[in-house]
Amino acid sequence: MSNLLDLLVAGLATGAIYALVAVGFTLLWQTSQTINFAQGEFVMLPAFLMLAVMHAGAPFWLAIILGILLSLLLLGLGFKLLLVDPMLRHGVLPLAIATMALAIGMKEAVKQFFSAEASPFPSIVPAGDVWVLGRVVSLQSLGVLALAIAVVIGLTALLNRTSIGHQMQATAQNPTVARIIGVPVERMILLTFLINAFLVALASLLITPIYLAKFSSGEVLGQAAFIAAIVGGFNQVRGAIAGGLLIGVVDNLAAAYVSTQYRAAVPLILLIVIILFRPQGLLGRPEERTV
Amino acid sequence: MTAIGKYWRIALGVAVIAALIIVPMNFNRYGLYILSQWAVMTIAAMGLNLTLGYAGQVSLAQGAFVGIGAYAAAIMTTQGMPLIVALGVAIVLCFAIGWILGYPALRVQHHYLAFVTLAFSTLAFLVFRNEDWLTKGIYGISNIPRPNVLGFATNRPLPFYYFCLGSLGIVSLVMWWLIRSPWGRAFVALRENPVRALSLGIDTRRYTLMAFAIGSALGGVAGTLYAPLTQYIDPVPFNLSLSLDLLMMVIVGGSGFFFGPFLGAMIAVLLPEWLRFTQGYYLMLYAVAVMLLLIYSPTGILGILDRYLTERRTKAASALRAVAKSRLETAP
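From first to last, the protein sequence lines are chains Z and E.
Each residue of the first sequence is one higher than the last, beginning at 6 in this note's numbering.
Each residue of the second sequence is one higher than the last, beginning at 175 in this note's numbering.
Same shape as in the complex, but just chain E (with noise of 0.2 Å):
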């Protein structure tokens, strides 16, 4: 039964990722920019989940370490550097910046991190808006140039969504590996019982660091390809409310689920699109869903699922022991 299970599991994702390569082939220029978006976005989102979902940080500076990545990479490519290098800088820059970041969530309880997270947001802002010499302020930075993958150009919008794509690929692999490995189960044990991974053994202020400079590390990622997706950066995109969006993304998803991103990013960036006969009531419903999903399901629409295939599965197996005992009842 199980093993049925599994290998619908795995067709459902070899269908998906077909149609993620397939279908947007003739799609036209905002449809793919759009998608491209989505990708992006839910890389910024798998790192706020590792951070929100799996070590239970809450952190609201993601969108400025989408920022930092996204400048990093704006001012390194316009000089001609390639786009690798602004990567790698980018992820040791929000690296130690959310290690560093991370001290206080040592010190105090998980809300007093908001605060100093959405405190170090704002400044973020400041900085992006005000160090002309660096970020050219309000003006912004344009032409921002696509990199060469492999010796092919992504200036179209199609090979660029590819690119896109397989950086999701990538990060998803990564993700999926460090999830399982003896780290990602250091980081649950960290949400679950913080005491009891202390007395297994656990360095909680070191995984703790850890987790939240990953997370920010991926925010990074996301900046480096959303800089070079939109050709143009200026300091509004990566306000406090980008932090806000990317938090909502996690937990209508579903924190601490590994798909929980890639569906709550679908939904804040594609969603938009849909219901765009709404006109300006979008954003109201949105929020008013959100309140009312977290009323009914804290944990997003995947808990919600995962209710549901939980009791499916109580129920079979008591069926089972039911039937095993009226067995056990007759056979005498």
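So here's chain Z without its partners, still in its complex pose (with noise of 0.2 Å):
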């Protein structure tokens, strides 16, 4: 038992990072019907802007920054200008399907341009451990625990008490009154894109230095993503979130007391069990059925 509460510690800091991405994936899912099956690779790419800004001689800091502001540009508008915009016409699945042909790209275009080893990449929260209720603690996990919750209670307070917020809410729910009512809806999703860039970039950041920059690294963090996502309610900001930390729990639980083999398992079963038996989430509202 003694073990139990650094695991829980680590298993809601990766949480916390999982919940950021899954918050990013409802939000394209709610204003404009994106599943973004390369929200993953959108992840690991921003480590590498950072580390190709490094590899330039530029700090730490500085690469922080333009790595946040390439990832705006090019994961926030960039792929609704080039991907998004012309093919939401087709419909849903053509464009979740054209969103898993880029995450191939993404990731062969990592591999070729910068390396196909795992490169190290700097933690922003200095090393160490703290005494924590007589436990020690790393402080990594704490640093990345308390930057995820700043930034999601941020973004819960964007989204419910600024006007922005509120428009882009009634963007999301009911785009067609939106407009009637003078929301400038069109701005509205792309805001929403370059909110899930930012958010994509932040979690990038944080979790790099836990698994190291991969270009393969996406795909296990992707999955975690739509997992929490579908868990915690698709359409809903909070369900993600505690989809988010219930995943990296479960994960890091699963880890120690079942087999290491079948670790990978339980978040699946979890996902399989939760679309059977409830399928808005656990916190979703029931969607209603085009069927």
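Some hints here could point you the wrong way.
Unchecked claim - With the Cβ distance kept under 8 Å, some of the chain E side facing chain Z (calculated, not the full set):
(1) I195
(2) V197
(3) P198
(4) N200
(5) H285
(6) N304
(7) W307
(8) L308
(9) L418
Simulated from the structure, these hints should not be mistaken for laboratory data.
Virtual Cβ for every residue (Gly too), placed ideally from N, Cα, C.
Two independent chains are provided; combine them into the complex using the hints.
And the structure:
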């Protein structure tokens, strides 16, 4: 039992990162019916952008800023204008498949232009341990957790307390009515893409020091984010947050208490059970079915 | 006019089949291996085309079903059982698992099914890798024998290629019949307008499960050919990327078109060989090409062809109409 606290803290820390990724995922779905199968690769790429800036000789803080700006440009604006806008009129499914192709393209591009090997990545939280309730907890886990929670609180405040947030929610719930009452729907959709790009860049910054920068690291992350989004509730931001934290904790506990071989199976089984018995997710509202 | 078109089509079909039989005769071992792989992947893609293209259900588990078929064939034939028994087991097993896996499709919208099948795909991979007693884990199963078909040994590459081609032919005929049967029409009705299909008395639940199960069973058939083709299997080829590759094949060729999987599998299996000179950039170029293709035509390459033919036909028809109209005007 002694290491249960360690597992919980580590689980919550990775879970908080999953939550960031899952929130972006659900935002894209809500405002523009985009199921982004490349979301994991979206988390993988910013770390490489930052590494590339650092290789050019820039200090870490500048690399972070430029990396986030480049992410906003490529993964926010570029993704929307070049892929989502032309594809959206074809429907949900072709767009989803196009993002699968995008995922392959991004992985291969990083492998070709950067490296097929895993690269170390500096941490923004200093290494070390602190004592919490008489136990040693890694500072990195706590720092990641604190940062992720701050971002989630900030995002929730943006969505629920500000006029822009209300306009974004209106756009997500009913674009036609939102347009009639004067919400600049197009601008709001673009804003969600930019927020998603910001969230994945941040997630990249937080998770890459733990798992190293590798072209294929998006596969696991993407799957964790999908599962988090669905388990929590596809149409709710707080659902995605809860789902992310839950998956992080379950994943870490499974690693300790279930066989290491079948560790990866536990979140998947959770996903299948949720879809079968509560398809709207733990916190989600039932979606109106077209069928 | 249509009669000529029909003759042309039959002539083209005969020419292609003849070419597939005659041209590879002096191919080397590797060329035959690639062509056999094309035939096998086409069968798997045809199954997915039934699920996705005709019934409109997204499956990311076709690679897992190929894996189940391949392991069934590998385990049973290395124990001395004939391949045909393994084929039967693979079909029944994949059909049953596909049927069960189809249940979530009844409850939720299509993208959820994508996630359920994605989860299943990863679970199947974990079982292939971890259940050493059955699958020999990461060491894989080697020395998988090739079958004797009607008394002919298919150990050499050419006979085995003909065996794959013959299997593809049989599967194609069954598929051709299936799509034109009331079942096939019910599948299309399901995709186009489920509410209307239901109101017309089609049991949408049963047909959705059926489309999914038959598609999965064809994945199993492809797997039972894959094992004797490579003669060695381990879990790696059956991970999620095979499912994604198969999905791309169907989409690139043209989902919902009978010949879509043939074309898609050809592009996915043969193109890497022709694009060797691009080295590592091949997959990147492929991904970009798929995205551009989807933006231009979400129904794939055959979709472009179909649009072109329809356009020409409409133009011809309106030209005829114009002629008829001008005759009417000049008549009195």
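Hints, verified against the model:
1. Residue-level restraint check for I195 of chain E is violated (minimum Cβ-Cβ distance to chain Z is 34 Å; threshold 8 Å).
2. With a least beta-carbon distance of about 31 Å to chain Z, the hint placing V197 of chain E at the interface is violated under the 8 Å criterion.
3. Because the closest C-beta pair between P198 of chain E and chain Z is about 30 Å apart, greater than 8 Å, the hint is violated.
4. Nearest Cβ of chain Z to the Cβ of N200 of chain E: about 35 Å, over the 8 Å cut. The hint is violated.
5. Hint status for H285 of chain E: holds, given a least beta-carbon distance of 5 Å to chain Z, under 8 Å.
6. Contact between N304 of chain E and chain Z, as hinted, is supported at the beta carbon level, the nearest pair being about 4 Å apart and thus within 8 Å.
7. Using the Cβ-Cβ criterion of 8 Å, the hint placing W307 of chain E at the interface with chain Z is not satisfied: the shortest such distance is roughly 13 Å.
8. Hint status for L308 of chain E relative to chain Z: violated, with the closest Cβ pair at about 14 Å, above 8 Å.
9. Given hint, L418 of chain E at the interface with chain Z, holds; its Cβ is 6 Å from that chain's nearest Cβ, closer than 8 Å.
Taken one by one, the earlier hints fail for this structure at numbers 1, 2, 3, 4, 7 and 8, listed in ascending order.
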